[in-house]
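Engineer: Each chain sits in its own coordinate frame; assemble them with the hints.
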Amino acid sequence: MNAAPAPPSPARGGAPVLRAERLAKAFGGVPVLSDISLDIRPGEIHAVIGENGAGKSTLMRLLSGYLRPSEGALWMDGEPIAFHGPADAQAAGIALVHQEILLAEALSVTENIFIGREIGRFGRLDERAMRAAAAAQLAEIGCKVSPRARVGDISLANRQLVQIAKALLGTHRVVIFDEPTAVLTHDEVDPLLDIIVKLKQRGVAILYISHRLDEVERLADRVTVLRDGRMVGSYEAEGLTPHRMASLMVGREFASLYPVRVPRDIAGPVLEIEHAHVPGFVHDVSLTLHKGEILGLAGMIGAGRTELFEGLLGLRPASFGAVRLHGKPSHFASPAQAAAAGIGYLTEDRKGKGLLLGERLAPNLTLAALDRVHTVAGLDLAREAQLLDRAVASYDIRLRSRDAKAGQLSGGNQQKLLLAKVMLNDPSILVIDEPTRGIDIANKSQIYAFIQSLVQEGRSCIVISSEMQELIGLCDRILVMRSGRINGELSGDAMTESNVALHATSSAAHEKTSGRNAHG
Amino acid sequence: MADLAAAPPRAEPGWSIGWGDAGPFLALAALIAIGFLVNPDFLSANNIANVVTRSAFIAIIAIGATFVISSGGLDLSVGSMAAFITGVMILFMNWVAPSVGTAAIPLGMAVALVTGIACGLMNGAIVTLGRIEPFIATLGTMGIFRALITYMTDGGTVAIDRSLRDAYRPVYFGDVLGVPIPILVSLAVALVAAYVLYRTRYGRRCVAVGANEDVARYSGISIPRVRTMAFVIQGACVAIAAICYVPRLGAATPTTGLLWELQVITAVVIGGTALRGGRGRIWGTVAGAVILEFIANLMVLSDFVSEYLVAAVQGVIIIIAMLIQRMSKR
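Protein sequences, first through last, are from chains X and C. Each residue of the first sequence is one higher than the last, beginning at 1010 in our numbering. Each residue of the second sequence is one higher than the last, beginning at 556 in our numbering.
Hints are computed from structural coordinates only; laboratory data are not their basis. Glycine residues also receive a C-beta, built at the ideal position from the N, C-alpha and C atoms. Heads up, some of the hints might be wrong.
Straight-line Cα separation of at most 25 Å, DMTMM-like style, residue types lysine to aspartate or glutamate; simulated pairs [unchecked claim]:
#1 1360(X) with 768(C)
#2 1360(X) with 769(C)
#3 1414(X) with 576(C)
#4 1414(X) with 1398(X)
#5 1453(X) with 1485(X)
#6 1414(X) with 768(C)
#7 1414(X) with 769(C)
#8 1414(X) with 1358(X)
#9 1414(X) with 1380(X)
Here's a subset of chain X near chain C, in silico, CB distances under 8 Å, partners left out [stated by the list, open to error]:
#10 1343
#11 1344
#12 1345
#13 1348
#14 1361
Same shape as in the complex, but just chain C (with noise of 0.2 Å):
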């Protein structure tokens, strides 16, 4: 029947004027206006910085999750799979310190990079190769990441050796003319990502597959070859995430980057990204990243609204965002 519903030609979607792109960024406008009324301080640079900083790696992981979530799929996994990657690298460098010294961190670093593309790479194949829709494929590997990291840890902690722990802590408390280095490395991302997203072939073709899988396939592009690659550069950037994160951190445990899917997702949708794929928005991907956590400090900062209710509000954010998306269809 759905073809008889749709039989007189209604105008086609999407091409309202550009609201679902500026939405996100003028909702971060308002929030900060809402935030300086209810607390000057919000607006201090410290806390501005610190809120970035912050908002640092769940960024950095929803802009790999862009490109899975454009090319029409999900991954649940992430959360599970920054906790891994760090107990990973962590057990590494402590492994080579007694005989590299600080040497172990560049090195420890690639070998986050390499479990990150690895276990992206697994994500993908399970997705194509197994033919296995990608919230379940995701939902498995998640469990399987979850329980290596608790496995790894003993049920407990992993923390990074003493004698790397001061050279290593720039790379999350440092900062480079003023701007602390995961803001810095959250913007080089991004605009690498904007790069491959806008202007490349794989770009195009990410979103194509997204859009409609029939006309990619059509249009003579591997869909397999596209998804998969999406779940890599999702790994990448959750291992680059990870990668900023050990210092604050300072441990690998069995609950570290619990329920960041979740942000992650909320994130990417309020940024305007199409959730059923074939629309991918990397700079608004960013600014959602940034508004969940300015929400999560506004909630600090004020007295209005426990803290411990930070996750509901995400939560009817991202319903929110939906609801927004789907009427800005009609």
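Chain X extracted, bound-state conformation (with noise of 0.2 Å):
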């Protein structure tokens, strides 16, 4: 096998080079992917999309070798194949560009890139080969960095190409890119996105897998959409607009799993954030939060929304032209002094960020509100495992054993001992990131429900999703973020998913779109 030599004028269409039948995956009886059928072939881009959850990088993984199928089976060149890892499909020729960045910063591109797979001879490297290669493969996808260069001096953009040549290194018939512009701001998409189409000229066939409906549009020769771990179809990428992708990966009707609408008095602002900077992630962002309302903030993930509340939170750096909490000016320096002015957040990552796993439930649900357990004579035990017992009944978590840990919860428990962690400081403002991320139907409805009662009482609510069908169904407005900025307003009829879509996707888009009298 050589490093993909490219038929003079690769037809499009020719025989599929990596085919996949039927592929299903099942983690613990849990299954998140089944029935995929799709192929891949030379000189073509084909695109996989679908909402976070849907199991695309699921599939990803299947196809690389670093999950196997629990059914379904893997075809290349017409033979049926298996990979027992990573490194059979890389010696098959399947290269996998990593969505986020791999890369040792202290260590120089060279060895990088070789990393692992050294040239050397008897124990000996032969760092001018290896220099003169990684230089040849920089330069073929026109990257200019030095090989000399340390990784932790270049800019990012710079180290996805890096890692770009990495995975290019050796033979290479299929690459497969997972979300690859994820990280990068709008003016470092297009040269990475040139380079893609400079491979598939070269008659590599190209898995491209994204939710920037944008760049699918530009870049797909065929669009495969997945919705829940199924497979809503494959498509001409011909005539596919944004807008069409956007419904087929929503698709169905969502109408008994949100709340009700229930009518409420949406009163006057009670969180005002002005001018809000986060260095690198958002830019001059402003935004209104009213009494009894629940906001939603859509967009994909990285235009800024996480970043944006962390910087309210004093969690990273930021700047305020103002912040006003009930009219009054406001600093939160900590998550401690937010949630003591009655702002909770509970964050996107409740494995990393939001739970400790190897900690028992009750000192994971008091961890942010000691001073409700805390006595003179140190924590009250007793009280503890009353507050737990109410957080169980009154967010209905289902557990074997009130001993168990954290871990052990399903996601959906997880979720809901999170919430009754935030709430357990009685917030006036809740702020969710991702309320339903990784969890099913049962606990999505549940915490749907959930949240209207929360406006319901009088607090009010900004939700932070990836799923726009979610937003529609629960929330009043939505502010559209794109790369860092408001890039829309959306509020009434116009909340529909093309639209959220759109403004998500597309520096293009109008600024403010209105159905009339959503609220006031």
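Structural biologist: Quick look at the structure:
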């Protein structure tokens, strides 16, 4: 096998290089992907799109040997093939460009490209050969960094290119890009897309995973849409608009999943943020949350939504023109101060930032509100047990044992525990970041009902979500962020998936779309 | 690639039944049984009291280290800090003894405690304000304290004033109802420490910071404050150990407390505290300190292994303890 000897003019639609037939994957009996059949042909960009949790990443891992399918088969050049690990897939000519940048910052570009595959003889490294090969590889994809540069010193965009160079080292007939632009700013995206087109022209088969629909529209020859672990279909990209892609991604009706909207009085502003800047993430964002309102914050991952609130809570450096809480100028240096002022924040990363997975439930529940169980004689463990009982009952947390560790709960129950933890401080404003990521439908609808009951009690809520349906089903108003700015405001009838998707992915979208009389 | 490798939902670590918790006590029991078989004298009340008394100050220091380690830190400076505090204390007592007599002893104890707290505060400030890895920060202060004691003693010895020696003696050699005072002190320290670690807001926060700094931060916990406090507790514990130890030593020398940090960390780790933080076991630490001293004692009482190899055996033990911790993770 040679490094993709490109036929002079690769015929699109030639015999597929890699074909997946009825692939399925289940984790511990829970199916995450079922019945996926697709093929990847030389000289073609095949895009896979879907909402978060649709199964894109699992599919990519199956195709690149990181996971083994529970059912179904892979075929390469018409022969059945099975990968026992990523090395097998690499040897077969399948290269994967990871979404996150997985490079050792302290090492040079060359060292990173050759890590684990060093050229050398008798244990002595042939630095010169590696440097030359790295330089050639970098030149091929139009990356101008020196092979000697330390990765820690080069820009994020260049690191992504180095990562591509690393993936392309050796034979590659299929290249899988897993959301390669997720970490890049707008200006850095174009050169990367050019490289991908160039690869395609050389006859490489490309699988492009993304949920930036405008990129998909520009690049793809064919588009496969996933939803909830199943295949919606494969479509010719010709004539497939971002609007249409978005509606295919979201698909079915969810009428019963969301609580019935109860008419409420949405009163004056409770939280006003003006001219928020979070260096590198958020540029000049202003927003107002009203009492009793559920305000949605839509946008793709990396649009700066999470960072905006981490900045507000003093979790990362940020500057604000003004922050007013109930009309009073405020500043929060830490989540503790924000909690004391009545703002609760529920992180999107419940395993990494929300819960101590190795710790039992009670200490998790009270960690952010230890004052509630503190007495002069130390922690009141009986009271803590009571609080846990109450939380288990009112949030319907299902557990096998009171002594279980938080990590033993299912995702949905973890999320409910996290919710209980944040609510223990009795916030009047709750910011929920990705309220239902990775949890099942039953728990989802419980969490939606809970959010609804919060605002009926007169609290106010900001919901950050990448699931458009969720925001449309839940919110009174939606702000759409894109690349660190608010790219549109939707309310009333204008809150449609296609509008949200349009504002989230396309810079050309207009500013404010409003169905009349949403609130006021 | 880490996240890819971890993708399939593996069983979460850490809830296999409490082997980790019972382990050190089982090991202690096994050791006592072996000791008895090797040499029946081993179990004599006298020998046991002796050994436990000798383990007391490693135990006290290791109790402090349990806080530092379970909060995700490490303190290598404890041995030289103990020597430094001993030196400061003796010099101070000798200085005031001519004017205040034996009142110099409680004053000296107070000075030792203040010095210990100050040393801990310094370690904590370097780690949190200076954002320096605890390993490096305390490697630095380890050198500083060691150099200071060498300087203070002029490379020789600073002995406690003859007039104070008899009055101070009971603190190490005395007993209450037959229980040696160092044992009582270490029990008291352990009780207070267990209370603080398991029954106070600080203890919860300390373990949370060690388990997952991000979760702690998002829960509104001030990480610098928690970590600094752990180093301060460590400093206070070193001071208490030094106070108990002065009568036995009678003097401060440049070699006082040499390599104690190794024994302290070993005691903490065999006790079941996670070296990467997030789990602290006070009573396990105490058991760990006793185990170490028992092993040394056993080697002296038996003729199998030269007692010169005690440190080697202890080194082997810390490695085995880490391996056991690793395997119980699976």
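Engineer: Failing hints, ascending?
Structural biologist: none
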